[in-house]
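S.K.: Single-letter residue listing:
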Amino acid sequence: MELGKFKLGGTQLKQSDIDRGKVLTLAQTPDLEYAWDDGVAIGRYLEELKNGKIIARKCNKCGRIMIPPRMFCELCWRATDEWVYCKDTGTVNTYSLCHVNWDASRIPEGEPLHLPALIHIDGASPGMGILHVLGEVDPDRIKIGMKVKAVWKKPGEREGSITDIMHFKPLRAARKKSKKKKSGGR
Amino acid sequence: MSQKVAIVGAGITKFVRRAQETGKELAWQASKMALDSCGLSLKDIDSVSLGTAPDAFDGVHMKGEYLSDGSGGWRKPYMRQFVGGGTGVFAPIHGWMHVASGMFDTCLVVCSEKMSTCYPHPQGAFLTIFDHTTEQALDPTLIWIFALEYNRYMETYGLTKRDIAPVSVKNKKNAMDHPSAQLPMDITVDDVLNSELLAWPVNRLDISPASDGAAAIVLAGEHAAKRITDKPVWIDGVGWNLDTAYWATRDLSYPRYVEKAARMAYDMAGIKEPRREIEIAEPYDPFTYKELHHMEGLLLADRGEAPQLLADGVTQRDGDRPMCPSGGALGVGNPISATGLMKVIEIFLQLRGEAEKRQVPGNPTCGLAQAWGDLMQVGTVVVMRR
Amino acid sequence: MGLSERIERNVDLSYFEGKIPVNYVYTYGLGLEKFFNAIKEKGEFLASRCPECGAVYFPCRIFCERCFSEITRTFKVPGTGTVYSYTVCHLDMDGSPKKEPDVVGLIEVDGTEGAKFVHFIDAKPDKVTIGRKVKPVLKAKKDREGGIFDIKGFRQV
Chain A
1 MELGKFKLGG
11 TQLKQSDIDR
21 GKVLTLAQTP
31 DLEYAWDDGV
41 AIGRYLEELK
51 NGKIIARKCN
61 KCGRIMIPPR
71 MFCELCWRAT
81 DEWVYCKDTG
91 TVNTYSLCHV
101 NWDASRIPEG
111 EPLHLPALIH
121 IDGASPGMGI
131 LHVLGEVDPD
141 RIKIGMKVKA
151 VWKKPGEREG
161 SITDIMHFKP
171 LRAARKKSKK
181 KKSGGR
Chain B
1001 MSQKVAIVGA
1011 GITKFVRRAQ
1021 ETGKELAWQA
1031 SKMALDSCGL
1041 SLKDIDSVSL
1051 GTAPDAFDGV
1061 HMKGEYLSDG
1071 SGGWRKPYMR
1081 QFVGGGTGVF
1091 APIHGWMHVA
1101 SGMFDTCLVV
1111 CSEKMSTCYP
1121 HPQGAFLTIF
1131 DHTTEQALDP
1141 TLIWIFALEY
1151 NRYMETYGLT
1161 KRDIAPVSVK
1171 NKKNAMDHPS
1181 AQLPMDITVD
1191 DVLNSELLAW
1201 PVNRLDISPA
1211 SDGAAAIVLA
1221 GEHAAKRITD
1231 KPVWIDGVGW
1241 NLDTAYWATR
1251 DLSYPRYVEK
1261 AARMAYDMAG
1271 IKEPRREIEI
1281 AEPYDPFTYK
1291 ELHHMEGLLL
1301 ADRGEAPQLL
1311 ADGVTQRDGD
1321 RPMCPSGGAL
1331 GVGNPISATG
1341 LMKVIEIFLQ
1351 LRGEAEKRQV
1361 PGNPTCGLAQ
1371 AWGDLMQVGT
1381 VVVMRR
Chain C
2001 MGLSERIERN
2011 VDLSYFEGKI
2021 PVNYVYTYGL
2031 GLEKFFNAIK
2041 EKGEFLASRC
2051 PECGAVYFPC
2061 RIFCERCFSE
2071 ITRTFKVPGT
2081 GTVYSYTVCH
2091 LDMDGSPKKE
2101 PDVVGLIEVD
2111 GTEGAKFVHF
2121 IDAKPDKVTI
2131 GRKVKPVLKA
2141 KKDREGGIFD
2151 IKGFRQV
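Residue numbers (the numbering used here), protein chains in the order written: chain A, 1 to 186; chain B, 1001 to 1386; chain C, 2001 to 2157.
Next comes chain A alone, as it looks inside the complex (with noise of 0.2 Å):
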């Protein structure tokens, strides 16, 4: 059988073909809203964050430190024994610089890029990373494997969520001169 043998079905419309009403359509918006239960081993990582403190679990078997924490060791695939502190300072693993929001819609000119990056952090297991944002840095200047440190909210300000650490930045060098713009955070 070749393909150029056949009819092939998809009829293409252009967005205009539905916005002038020349097929028709029915719009809808799901009203749907969700509260996603923490759990115990997230519901501790997000007490501590409001303690401006960053907390694993350790899995005694296999002695891995693991961020975020979760009560079992998936590898081990049993209980996880122990809480741990984590510093509050890792190493960039990898980063991008983004210029598009989620809808794929572009950052207005002028306004700061979005800076996500993978950070190993400091005291758990070597390749435990987190996702969360640079900040306080020129982007041109972000380098894999540059060590960083978590920027905290106010204590009061803290709300017990992933974002009572507006972003991260660099420990040294590579630091914006000016404060006043700031890259990252959301």
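It is possible that part of the hints are untrue.
[Claimed, not checked] Below, computed lysine-lysine pairings styled on DSSO-like, alpha-carbon distance capped at 30 Å:
no. : chain 1 : residue 1 : chain 2 : residue 2
1   : C       : Lys2040   : A       : Lys22
2   : A       : Lys5      : B       : Lys1272
3   : C       : Lys2076   : C       : Lys2040
4   : A       : Lys22     : C       : Lys2099
5   : C       : Lys2099   : C       : Lys2139
6   : A       : Lys53     : C       : Lys2019
7   : B       : Lys1226   : A       : Lys7
8   : B       : Lys1357   : A       : Lys7
9   : B       : Lys1161   : B       : Lys1226
10  : A       : Lys50     : C       : Lys2019
11  : C       : Lys2142   : A       : Lys14
12  : B       : Lys1173   : A       : Lys7
13  : B       : Lys1076   : B       : Lys1173
14  : A       : Lys147    : A       : Lys50
15  : A       : Lys14     : B       : Lys1357
16  : A       : Lys5      : C       : Lys2034
17  : C       : Lys2124   : C       : Lys2139
18  : A       : Lys154    : C       : Lys2019
19  : C       : Lys2116   : C       : Lys2152
20  : A       : Lys22     : C       : Lys2124
21  : C       : Lys2034   : B       : Lys1043
22  : A       : Lys61     : A       : Lys87
23  : A       : Lys14     : C       : Lys2019
24  : A       : Lys14     : B       : Lys1173
25  : A       : Lys58     : A       : Lys149
26  : C       : Lys2019   : C       : Lys2076
27  : A       : Lys22     : C       : Lys2141
28  : C       : Lys2034   : A       : Lys7
Don't read these hints as lab results, they were simulated from the structure.
Please arrange chains B and C on chain A, whose structure you already have, making use of the hints.
M.R.: Chains B and C alone, transformed into the frame defined by chain A:
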């Protein structure tokens, strides 16, 4: 295993950004073509395996049930498969199980997707793939994780964007010969590098589009296959594997789960030296770097060496090891599950010598299709021989 | 969770709130495009018959789900039918009571060999009976937009 399984027929729609047809109408168009292509009718089909991506794309919950009439599932043993982007190769693996087990002699495998329903952009439906408590608050987008993986891949092997961009040039060019193609283009590496920067290092032309489309194949057991066609293409190996759900703790430079899936399929197919025995492949290419990343995971290139094979022309259609001769997700389009099945169909046509202008030289006898998905953690692989 | 259960969120535990920020625009597709255009333009109801196996579909479709044949032709039916089953809904989607209960019917459509259609029945709950003849009530032509509510509902005759 009680019987060998062959692909005996195939069907596909055009891949377009926005189709008028409903998902079930697209599914029927592809399925009907698959049956017509091998002279069967729906009553010859014993079971149906449907693959389709998140319900949130189409805005239809229980999409498996919704698509069942267009997929030939009426009063038949019918089952839906879903592993995100890996679904398009997972659905035929399931179909293979249905037939290989001896339970059924034939299985219709259908993949259909209608992403255009979702506004402002199907990415909105992806926001909840991130952990709701520890990641969603950061307002992550799907493109972040690919940009992060792409960057880490380059860093680990000292690569540049110029080493990776030719994947887009090759695949979009290949797609010019595919009648379903949504984004066939004749472009240069500079066009890719100068296209709109979305999230460094990812530019517009590094990414496959959102698409509507469907694909289908007919599977048959050994005896049935020989009755139906004199050109069966045998599924000799299948493999699938899933990595940790904690994506941020994974080694992003190497897809170990793809390697494990590939090894499972190679062992089943008796393949000892994949680089010599796999003559043609369709690795999953939703982003440029993923084709290279997956070639390495599939053991078709050493770690970090795939870009050199690309530069040397090895992966071109007339090269020693053609990759994505169809045009891939980058060129033909990416209606998630239908993309993976499109890749299976391409290898089916290539091994039968029926790929028209896309035909690779040298009468290949053994090929592979692979897809990848979930939170970039699942690998699905099918090895085929004629 | 029963549909009638009070909707409450588990806010005694710590939780994280979120939404999925999408909306949908569904195309009617090739089959329903014909069906709803016929109602909109001419006030007509279209069914289709499979040329191979004879199965009848209402609303009309482009393929037969039983034998997979292509269906290109449609035929008119009067749109009348009989009540095959019905329910009376007193609660809204969020579990709150409705001002007026809705009567939702499953209507066996005349001339379609048993095809059924869901819509509201315009009748007092205690006046609905299974087996009663019903006929469709359409909006005035100028108000019709091509959609399920071009049919206001069905009335018992």
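S.K.: Is it true that the CA of lysine 5(A) sits at most 30 Å from the CA of lysine 1272(B)?
M.R.: Distance of about 37 Å is beyond 30 Å: violated.
S.K.: Regarding the pair lysine 1076(B) and lysine 1173(B), is the alpha-carbon distance no greater than 30 Å?
M.R.: 41 Å, violated
S.K.: Mind checking the alpha carbons of lysine 154(A) and lysine 2019(C) for me, to see if they're no more than 30 Å apart?
M.R.: Measuring from Cα to Cα gives roughly 27 Å; hence the hint holds.
S.K.: When you check the alpha-carbon spacing of lysine 14(A) and lysine 1173(B), does it fall within 30 Å?
M.R.: This hinted pair holds, its Cα atoms lying about 24 Å apart.
S.K.: Does lysine 2141(C) lie within 30 Å of lysine 22(A) when you go C-alpha to C-alpha?
M.R.: 18 Å, holds
S.K.: Is lysine 2019(C) within 30 Å of lysine 2076(C), Cα to Cα?
M.R.: Distance ~44 Å between lysine 2019(C) and lysine 2076(C) Cα, so the pair is violated.
S.K.: For the pair supplied as a hint, lysine 2040(C) and lysine 22(A), is the alpha-carbon distance within the 30 Å limit?
M.R.: 14 Å, holds
S.K.: Is lysine 22(A) within 30 Å of lysine 2124(C), Cα to Cα?
M.R.: Violated: lysine 22(A) and lysine 2124(C) sit about 39 Å apart, past 30 Å.
S.K.: Do the alpha carbons of lysine 14(A) and lysine 1357(B) lie within 30 Å of each other, as the hint requires?
M.R.: Holds: lysine 14(A) and lysine 1357(B) sit about 29 Å apart, inside 30 Å.
S.K.: Need the status of pair lysine 2099(C), lysine 2139(C): alpha-carbon distance at most 30 Å?
M.R.: 23 Å, holds
S.K.: Does lysine 61(A) pair with lysine 87(A) here, judged by a C-alpha cut-off of 30 Å?
M.R.: 23 Å, holds
S.K.: If you draw a straight line from the CA of lysine 2034(C) to the CA of lysine 7(A), is it 30 Å or shorter?
M.R.: 22 Å, holds
This entry does not satisfy hints 2, 4, 9, 13, 20 and 26, going by the numbered hints stated previously.
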